[in-house]
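Q: The chain contents come next:
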Amino acid sequence: MDNYSFQLYSKILKLFWRVFLIILGVAVLIVIFPYVRSVVAMFVIALLLAVLLNPVVDFMESKGIHRGLAILVTMMLILGVIIFSISLVIPGIISAVESLTSKLQSDMITDLNKKVEDFFAVNFNNAELARNVTSKVNEIGLKLLSNMAEFFKSVGSILASVAIVPFITFFLIKDIRQFKRSMVAKIPNKYFELSLNIFQKVGKQVGKYIQGQATDAFIVGCLTVIGLFIINLVFDNPVSQFVFIGMIAGIANLIPYLGPVVGAVPALLIAIISNPANLGIVLIWIVITFVLVQIIDNSFVSPMVVSKSVDMHPLTVVIVVIIGGNIAGAIGMLFAVPVTGIIKVTSKEVIWGLKNYKLK
Amino acid sequence: MKNPIWAVVEFRKSRTKDDIFNVLKNVPIFSDLSKKELDEVEKIIHRREFKKGEPIFRMGDPGLGMYIIINGAVNIVEENENGESTTLAVLKDGAFFGDLALLDEAPRSASGIADDNCDILGFFRPDFMDLLYRKPKLGIKILIALSKIIGERLRRTNEQLTQLQKK
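These protein sequence lines map, in sequence, to chains V and B. The first sequence begins at 1 in the working numbering and counts up one residue at a time. The second sequence begins at 1 in the working numbering and counts up one residue at a time.
Heads up, some of the hints might be wrong.
Said to hold, decoys possible - Over 12 Å on every C-beta distance to chain B, these chain V residues come out as not near it, computed from the model:
1) W17
2) V40
3) P166
4) I187
5) N189
6) L194
7) L279
8) V301
9) A328
10) K348
11) L359
To be verified - Chain B stretches covered by chain V per the calculated footprint, using a threshold of three residues with CB under 8 Å from any CB of chain V:
12) 25-32
13) 35-46
14) 83-89
15) 92-101
What the hints assert, rightly or not - Pairs of lysine to aspartate or glutamate, EDC-like flavour, derived with a Cα cap of 20 Å:
16) K137/B x E61/V
17) K141/B x E98/V
18) K141/B x D99/B
19) K204/V x E49/B
20) K201/V x D311/V
21) K174/V x E42/B
22) K137/B x E54/B
23) K201/V x E105/B
24) K43/B x E61/V
25) K180/V x E84/B
26) K92/B x E49/B
27) K135/B x D58/V
28) K141/B x E159/B
29) K35/B x E61/V
30) K201/V x E81/B
31) K180/V x E54/B
32) K358/V x E40/B
33) K141/B x E54/B
34) K137/B x D32/B
35) K135/B x E54/B
36) K174/V x E54/B
37) K190/V x E42/B
38) K148/B x D104/B
39) K204/V x D58/V
40) K43/B x E152/B
Calculated from the structure, these hints are not laboratory results. A virtual CB, placed ideally from N, CA and C, is assigned to each residue, including glycine.
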């Protein structure tokens with residue numbers, strides 16, 4: 001075997017092993033994923049929390065407070081806010097669902113039943129069949145609604161079961177620098193500076209993006225609550241329902257262009273369920289409130305708090321949100337834009353690095 | 001009784017840390033720092049091993065930070081457009097280089113190539129900036145020491161320039 005053939009053979013062998021190991025790695029990941037899915041989910045939530053809380057902890061540390069204490073204080077504050085919000089919102093949701101159940105039972109369903117019965121009586125001359133059908137439909141409807149109430153009641157126990165998340169978050173924030181260091185430790189020398197540079201830049205931009213989005217969502221939520229308080233229409237349990245609608249509006253706002261529309265839906269639904277005499281005017285006021293919140297957000301809040309590094313074309317947003325929805329439903333839609341943003345920032349920095357570093 | 005395996009791991013860890021402390025203490029940028037402050041620096045530095053002939057960084061690469069030689073030797077080399085290289089300096093144990101990159105991302109003015117198998121510490125700008133924000137007192141100490149070194153170099157350069165102009 002001549003020298004050239006030997007080198008080629010060795011290269012092919014190396015390539016084969018690399019491809020084989022990658023395929024093996026992917027296969028192992030696919031096999032073990034169902035077993036570690038909950039751990040991965042907890043880790044992702046903890047990582048998001050760590051990214052959000054780290055600037056606060058860094059600020060406290062810069063004022064001379066010990067890092068461990070700063071993390072504990074920040075996490076206690078956040079935990080307090082979460083518990084307070086949940087205790088505020090849950091009764092409202094339960095009462096809304098219960099009132100929906102009773103309203104459906106009393107007014108709308110009775111009307112609908114009557115119409116269906118008349119329809120069957122006229123067309124099939126069989127009122128008994130109609131009564132059977134409507135009672136079955138009512139039964140299913142009520143079962144669904146009572147299940148919804150049960151679901152919201154069980155949110156508390158779900159939260160208790162994820163008590164492990166704060167534990168992971170604590171150590172992620174405390175030892176974030178050591179984690180970063182060990183992540184780059186095994187990178188070959190040739191790619192070390194390039195990788196470290198890209199890693200730092202991507203980390204910084206992604207962190208800023210997530211913090212910006214969270215701040216924006218929080219402000220939009222608050223503005224929505226304030227707006228609903230100002231118009232103060234038709235809500236049975238105002239504070240609780242306003243906070244719930246504000247939370248949905250804030251979270252939905254994470255999806256550009258489509259989110260604000262989705263965010264307005266709960267408020268409109270609650271208004272429709274309440275079915276006041278002046279429903280048309282109430283709906284118009286709610287729409288005006290949401291439009292105003294969006295104008296304030298797009299003109300003042302968003303330009304100040306959200307990083308411009310992940311600006312996306314509206315068409316891109318729509319496409320990725322649809323793809324996200326197809327992959328993982330509502331959660332997929334929510335995470336589609338941030339994940340695309342992270343991929344965009346990473347690709348930009350990798351291309352910059354490959355252009356600027358001499359790797360030969 | 002302590003598990004002998006953990007005892008060995010702990011011994012190695014403490015010895016490595018001591019090695020790093022001793023090296024850092026002799027670098028002018030860190031020489032004024034207390035043990036506690038050096039401990040903070042130790043948390044953010046990267047330890048790397050380079051084989052003989054391996055580049056640590058290349059001329060023209062964006063600057064990312066400084067390196068300190070624990071043991072081994074590094075050639076600081078300038079390369080021209082034709083690929084010919086001139087050795088500007090050979091640095092040995094305890095020496096540091098690339099410190100200007102702690103201040104900005106300007107391209108490296110020369111390459112650093114391992115002249116021997118080297119054990120090296122890397123201290124990088126993003127970590128330094130982060131330290132400066134989190135621990136301002138410590139960050140300022142390092143920044144002042146760095147300014148003194150750069151000032152000293154500028155003074156020497158000025159002197160040499162003046163001498164050359166006189167000739």
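Q: With reference to the structure, classify each hint as holding or not holding.
A: Outcome of the hint check:
Residue placement check: W17/V keeps its beta carbon more than 12 Å from all beta carbons of chain B (closest about 22 Å). Interface exclusion of V40/V from chain B stands, the closest Cβ pair being 28 Å apart, more than 12 Å. Distance to chain B confirms P166/V as a non-interface residue, since its nearest Cβ pair spans about 22 Å, more than 12 Å. With a closest Cβ-Cβ approach of about 10 Å to chain B, I187/V is found to fall inside the 12 Å limit, against its non-interface label.
At roughly 6 Å from the closest C-beta of chain B, the C-beta of N189/V falls inside 12 Å, breaking its exclusion from the interface. Consistency note on L194/V: stated as away from chain B, yet its beta-carbon is not over 12 Å from all of that chain's, at 8 Å minimum. Under the 12 Å C-beta cut-off, the non-interface status given to L279/V relative to chain B holds; the minimum distance is some 54 Å. Residue placement check: V301/V keeps its beta carbon more than 12 Å from all beta carbons of chain B (closest about 25 Å).
At roughly 33 Å, the least C-beta separation between A328/V and chain B is larger than 12 Å, which holds for a residue marked as non-interface. Distance check for K348/V against chain B: the nearest CB is about 15 Å away, which clears 12 Å, and the non-interface claim stands. At the 12 Å boundary, the C-beta of L359/V falls inside the reach of chain B, the nearest C-beta of that chain being 9 Å off. Coverage of the region 25-32 of chain B by chain V is violated. Counting CB-CB distances below 8 Å, 0 residues qualify, and the rule asks for three or more.
Check result for the region 35-46 of chain B against chain V: holds, 3 residues qualifying (beta carbon to beta carbon below 8 Å, three or more required). Beta-carbon proximity to chain V at under 8 Å applies to 0 residues in the region 83-89 of chain B; the threshold of 3 is not reached and the given coverage is violated. For the region 92-101 of chain B, the stated coverage by chain V is not satisfied: 0 residues place a CB nearer than 8 Å to a CB of that chain, which falls below the threshold of 3. For a cut-off of 20 Å, the pair hint linking K137/B to E61/V stands: about 12 Å separates their Cα positions.
Proposed proximity of K141/B and E98/V is contradicted: the alpha carbons are some 64 Å apart, above 20 Å. Proposed proximity of K141/B and D99/B is supported: the alpha carbons are some 15 Å apart, at most 20 Å. Between K204/V and E49/B the alpha-carbon distance is near 27 Å, which puts this suggested pair outside the 20 Å criterion. Taking the CA atoms of K201/V and D311/V, the gap is near 17 Å; set against the 20 Å cutoff, the hint holds.
Proximity of K174/V to E42/B is assessed by CA-CA distance (about 16 Å); at most 20 Å being required, the pair is judged to hold. For a cut-off of 20 Å, the pair hint linking K137/B to E54/B is broken: about 37 Å separates their Cα positions. For the hint pairing K201/V with E105/B, the CA-to-CA distance comes to about 12 Å; that is within 20 Å, so the pair holds. At roughly 16 Å between alpha-carbon atoms, K43/B and E61/V fall within 20 Å of each other, so this suggested pair holds.
As the CA atoms of K180/V and E84/B are separated by approximately 37 Å, the hinted pair breaks the 20 Å bound. Proximity of K92/B to E49/B is assessed by CA-CA distance (about 15 Å); at most 20 Å being required, the pair is judged to hold. Taking the CA atoms of K135/B and D58/V, the gap is near 9 Å; set against the 20 Å cutoff, the hint holds. A hinted pair counts as satisfied when its Cα atoms are at most 20 Å apart, and K141/B with E159/B does not qualify at roughly 27 Å.
Proximity of K35/B to E61/V is assessed by CA-CA distance (about 19 Å); at most 20 Å being required, the pair is judged to hold. The suggested pairing of K201/V with E81/B is violated, with an alpha-carbon distance near 30 Å, which exceeds 20 Å. About 24 Å separates the Cα atoms of K180/V and E54/B, which puts this hinted pair outside 20 Å; it is violated. Between the alpha carbons of K358/V and E40/B the distance comes to roughly 32 Å, so the proposed pair goes past 20 Å and is violated.
In summary, the hint linking K141/B to E54/B is not supported, as the alpha carbons are separated by about 33 Å, beyond the 20 Å threshold. At most 20 Å may separate the alpha-carbon atoms for a hinted pair to count; K137/B and D32/B meet this at roughly 12 Å. Distance restraint check for K135/B and E54/B: the Cα-Cα separation of roughly 35 Å exceeds the 20 Å cut-off, and the hinted pair is therefore not satisfied. The hinted pair formed by K174/V and E54/B fails the criterion: a straight-line CA distance of about 35 Å is larger than 20 Å.
About 23 Å separates the Cα atoms of K190/V and E42/B, which puts this hinted pair outside 20 Å; it is violated. Between K148/B and D104/B the alpha-carbon distance is near 17 Å, which keeps this suggested pair within the 20 Å criterion. Using a Cα cut-off of 20 Å, the hinted pair K204/V and D58/V holds, with the two alpha carbons roughly 14 Å apart. A C-alpha spacing of about 29 Å is found between K43/B and E152/B, which places the hinted pair above 20 Å, so the restraint is violated.
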